[in-house]
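For reference, the chains in residue letters:
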Amino acid sequence: GQNIDQPTEMTATEGAIVQINCTYQTSGFNGLFWYQQHAGEAPTFLSYNVLDGLEEKGRFSSFLSRSKGYSYLLLKELQMKDSASYLCAPLSGGYNKLIFGAGTRLAVHP
Amino acid sequence: EAGVAQSPRYKIIEKRQSVAFWCNPISGHATLYWYQQILGQGPKLLIQFQNNGVVDDSQLPKDRFSAERLKGVDSTLKIQPAKLEDSAVYLCASSLEGAMDRVEATNEKLFFGSGTQLSVL
Numbered sequence: 027g028q029n030i031d032q033p034t035e036m037t038a039t040e041g042a043i044v045q046i047n048c049t050y051q052t053s054g055f056n057g058l059f060w061y062q063q064h065a066g067e068a069p070t071f072l073s074y075n076v077l078d079g080l081e082e083k084g085r086f087s088s089f090l091s092r093s094k095g096y097s098y099l100l101l102k103e104l105q106m107k108d109s110a111s112y113l114c115a116p117l118s119g120g121y122n123k124l125i126f127g128a129g130t131r132l133a134v135h136p
Numbered sequence: 031e032a033g034v035a036q037s038p039r040y041k042i043i044e045k046r047q048s049v050a051f052w053c054n055p056i057s058g059h060a061t062l063y064w065y066q067q068i069l070g071q072g073p074k075l076l077i078q079f080q081n082n083g084v085v086d087d088s089q090l091p092k093d094r095f096s097a098e099r100l101k102g103v104d105s106t107l108k109i110q111p112a113k114l115e116d117s118a119v120y121l122c123a124s125s126l127e128g129a130m131d132r133v134e135a136t137n138e139k140l141f142f143g144s145g146t147q148l149s150v151l
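Each protein sequence line maps, in turn, to chains P and Y.
All residue numbers for the first sequence refer to the numbering used here, where the first residue is 27 and numbers rise by one.
All residue numbers for the second sequence refer to the numbering used here, where the first residue is 31 and numbers rise by one.
Don't take every hint at face value.
[As the list claims (entries may be wrong)] Below, computed lysine-lysine pairings styled on BS3-like, alpha-carbon distance capped at 30 angstroms:
| hint | chain 1 | residue 1 | chain 2 | residue 2 |
| --- | --- | --- | --- | --- |
| 1 | P | K83 | Y | K74 |
| 2 | P | K107 | P | K83 |
| 3 | P | K83 | P | K102 |
| 4 | Y | K74 | Y | K45 |
| 5 | Y | K92 | Y | K74 |
| 6 | Y | K101 | P | K107 |
| 7 | Y | K101 | Y | K139 |
| 8 | Y | K113 | P | K94 |
| 9 | Y | K113 | Y | K45 |
| 10 | P | K83 | P | K94 |
| 11 | Y | K139 | P | K107 |
| 12 | P | K94 | Y | K139 |
| 13 | Y | K74 | Y | K113 |
| 14 | Y | K45 | Y | K139 |
| 15 | Y | K41 | P | K107 |
| 16 | Y | K92 | Y | K108 |
| 17 | Y | K74 | Y | K139 |
| 18 | Y | K113 | Y | K41 |
| 19 | Y | K108 | Y | K74 |
| 20 | Y | K101 | P | K102 |
| 21 | Y | K41 | Y | K108 |
| 22 | P | K83 | Y | K41 |
| 23 | Y | K45 | Y | K108 |
| 24 | Y | K92 | Y | K139 |
Because the hints were derived from the structure by calculation, they are not lab data.
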């Protein structure tokens, strides 16, 4: 079976840094995605990690530890528009099934 | 490049009625996914197609839901009969590859359509 855990809600201040953690258990792990979803919109791709370590892309970075079944998304210099849900999604199986966690709702306030 | 197209955008039906959703993936994308997203939850995978074959439908309620992808391009998802708990957004997504012998890992990146918001009354 598969299990994905991430915090339900987080709040942060504009300009600050926030880290959203995700732990997962899957069979046949092939990498992990992070998606952003604004209210009423479809998810959009943020990052993909397949090897251990940190992937940096502008204000967003994502880290993966395969041995620990752990990933985090780091958002720097937070802006109001970063208020959204952040979905952790491990890729698994022979046909690369993408299973989403429940998501972390991030609220950025002034 | 055109994105994933879905229709209708919104649908309101009464319980026990039937409804169908349509999806046209990005041209050339082999893999097509249907997800159900209930308010406040993450997307739940209903069915995954690789070209025109089903590779995963383990979470599809087969007594009422059906999906097909004729000719390996566009797809329809049907609910018959609908229940109150089917109220959700139905998201279609596509990706380039979807198989283990991929060359570029990021070919697995999913592109989502805008979704169909279904309300069952």
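Cross-check of the supplied hints:
no.	hint	result
1	K83/P / K74/Y	holds, 27 angstroms
2	K107/P / K83/P	holds, 17 angstroms
3	K83/P / K102/P	holds, 11 angstroms
4	K74/Y / K45/Y	holds, 21 angstroms
5	K92/Y / K74/Y	holds, 15 angstroms
6	K101/Y / K107/P	violated, 40 angstroms
7	K101/Y / K139/Y	holds, 22 angstroms
8	K113/Y / K94/P	violated, 40 angstroms
9	K113/Y / K45/Y	holds, 5 angstroms
10	K83/P / K94/P	holds, 23 angstroms
11	K139/Y / K107/P	holds, 23 angstroms
12	K94/P / K139/Y	holds, 23 angstroms
13	K74/Y / K113/Y	holds, 17 angstroms
14	K45/Y / K139/Y	violated, 35 angstroms
15	K41/Y / K107/P	holds, 29 angstroms
16	K92/Y / K108/Y	holds, 10 angstroms
17	K74/Y / K139/Y	holds, 17 angstroms
18	K113/Y / K41/Y	holds, 14 angstroms
19	K108/Y / K74/Y	holds, 16 angstroms
20	K101/Y / K102/P	violated, 45 angstroms
21	K41/Y / K108/Y	holds, 13 angstroms
22	K83/P / K41/Y	violated, 38 angstroms
23	K45/Y / K108/Y	holds, 14 angstroms
24	K92/Y / K139/Y	holds, 27 angstroms
The structure shown violates the earlier hints numbered 6, 8, 14, 20, 22.
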